[in-house]
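> Residues per chain, in single letters:
Protein chains: 2
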Amino acid sequence: MTDQSLTRVDRDKEDKNMDKSNLSESVIFPKGEELPELFSKYFSGKAWLSMLVDRDNEFNCPIGNVTFEPGCRNNWHKHPGGQILLVTGGCGYYQEEGKPAQELNPGDVVLIAPNVKHWHGAAPDSWFVHLSVETNVNAGPAEWLEPVTDEEYSNL
Amino acid sequence: MTDQSLTRVDRDKEDKNMDKSNLSESVIFPKGEELPELFSKYFSGKAWLSMLVDRDNEFNCPIGNVTFEPGCRNNWHKHPGGQILLVTGGCGYYQEEGKPAQELNPGDVVLIAPNVKHWHGAAPDSWFVHLSVETNVNAGPAEWLEPVTDEEYSNL
Numbered sequence: 000m001t002d003q004s005l006t007r008v009d010r011d012k013e014d015k016n017m018d019k020s021n022l023s024e025s026v027i028f029p030k031g032e033e034l035p036e037l038f039s040k041y042f043s044g045k046a047w048l049s050m051l052v053d054r055d056n057e058f059n060c061p062i063g064n065v066t067f068e069p070g071c072r073n074n075w076h077k078h079p080g081g082q083i084l085l086v087t088g089g090c091g092y093y094q095e096e097g098k099p100a101q102e103l104n105p106g107d108v109v110l111i112a113p114n115v116k117h118w119h120g121a122a123p124d125s126w127f128v129h130l131s132v133e134t135n136v137n138a139g140p141a142e143w144l145e146p147v148t149d150e151e152y153s154n155l
Numbered sequence: 000m001t002d003q004s005l006t007r008v009d010r011d012k013e014d015k016n017m018d019k020s021n022l023s024e025s026v027i028f029p030k031g032e033e034l035p036e037l038f039s040k041y042f043s044g045k046a047w048l049s050m051l052v053d054r055d056n057e058f059n060c061p062i063g064n065v066t067f068e069p070g071c072r073n074n075w076h077k078h079p080g081g082q083i084l085l086v087t088g089g090c091g092y093y094q095e096e097g098k099p100a101q102e103l104n105p106g107d108v109v110l111i112a113p114n115v116k117h118w119h120g121a122a123p124d125s126w127f128v129h130l131s132v133e134t135n136v137n138a139g140p141a142e143w144l145e146p147v148t149d150e151e152y153s154n155l
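So the sequences go chain by chain: A and B. Here numbering that gives the first Met the number 0 is used: the first residue of the first sequence is 0, the next is one more, and so on. Here numbering that gives the first Met the number 0 is used: the first residue of the second sequence is 0, the next is one more, and so on.
Derived by calculation from the structure, the hints in this document are not laboratory data. Check the hints yourself; a few may be wrong.
As the list makes no split between identical chains, a pair holds if one copy fits it or if it spans any two.
What the hints assert, rightly or not - Pairs of lysine to any residue, SDA-like flavour, derived with a Cα cap of 25 Å: (1) K116 <-> N56; (2) K98 <-> N56; (3) K30 <-> V109; (4) K98 <-> L51; (5) K30 <-> E96; (6) K30 <-> Y92; (7) K98 <-> E57.
Required output: the full structure, derived from the provided sequences and hints.
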């Protein structure tokens, strides 16, 4: 019984790390590949993308699974058609310009209205995973802006 | 230590039931309420719906979290604008008319093209949870058809 208990203790510890600081595999949906240069230049830190629904098809609803390493966040940006985030793992932040950042946890849903300047990313000590649903895609691609500075990020 | 171990055994058992046969709470996203009559009349068995993104807003992208009890499935139906399923928990099935049913597990994504006749629902011995993303909503509402008979369902 004691040996079995120790095994469980180890597994509990491992599960905790998976939740908060070492999501080396993504949660539920595939982690995919490290972001291509096209996007990574707008991120501080490493992130991974798996496109679950492609951009160019009859659904007009691109859906990606995005995994951020601890501390990783994207630049301030805007979506002309809006975006929906569905949080599936870890802990992160969403901030709109001029408002305080909101902490995000699994089960949270963020509705980002068209042309609202914002950023999202992981907490400093946690991996973070969300689905990104792009809406009204005919409105055009994201407009990428300046990075979230270390000072802004460290003052969350 | 023994008491602690027993607690862990109990929790493991509970976790297993959550996975496969007793998802009394939904997975990640809220379970919501039992389907209203508007939809429940097109389902065999009990299902729950939590609308994560409403139908009538600027996103044009209604997203619902749907939880099916074991054995529950919806009628054959069509979406004029298409639908995307993102499976988050349990085990279920998706079938298009004239094709074999496909088993669905967490992480699976189903792209249902406009006007394809299909049904989806839980396996006989498992709860089942998916996100439903309705696409091209301006094409109009779902067209509901005949139930999946017990004979069809038992022959999967």
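> Each of the hints needs a verdict: does it hold here or not?
So, going through the hints one by one against the coordinates:
| no. | hint | result |
| --- | --- | --- |
| 1 | K116 <-> N56 | between (27 Å within a copy, 19 Å between copies) |
| 2 | K98 <-> N56 | between (36 Å within a copy, 22 Å between copies) |
| 3 | K30 <-> V109 | both (20 Å within a copy, 18 Å between copies) |
| 4 | K98 <-> L51 | between (31 Å within a copy, 23 Å between copies) |
| 5 | K30 <-> E96 | neither (29 Å within a copy, 32 Å between copies) |
| 6 | K30 <-> Y92 | both (19 Å within a copy, 24 Å between copies) |
| 7 | K98 <-> E57 | between (36 Å within a copy, 21 Å between copies) |
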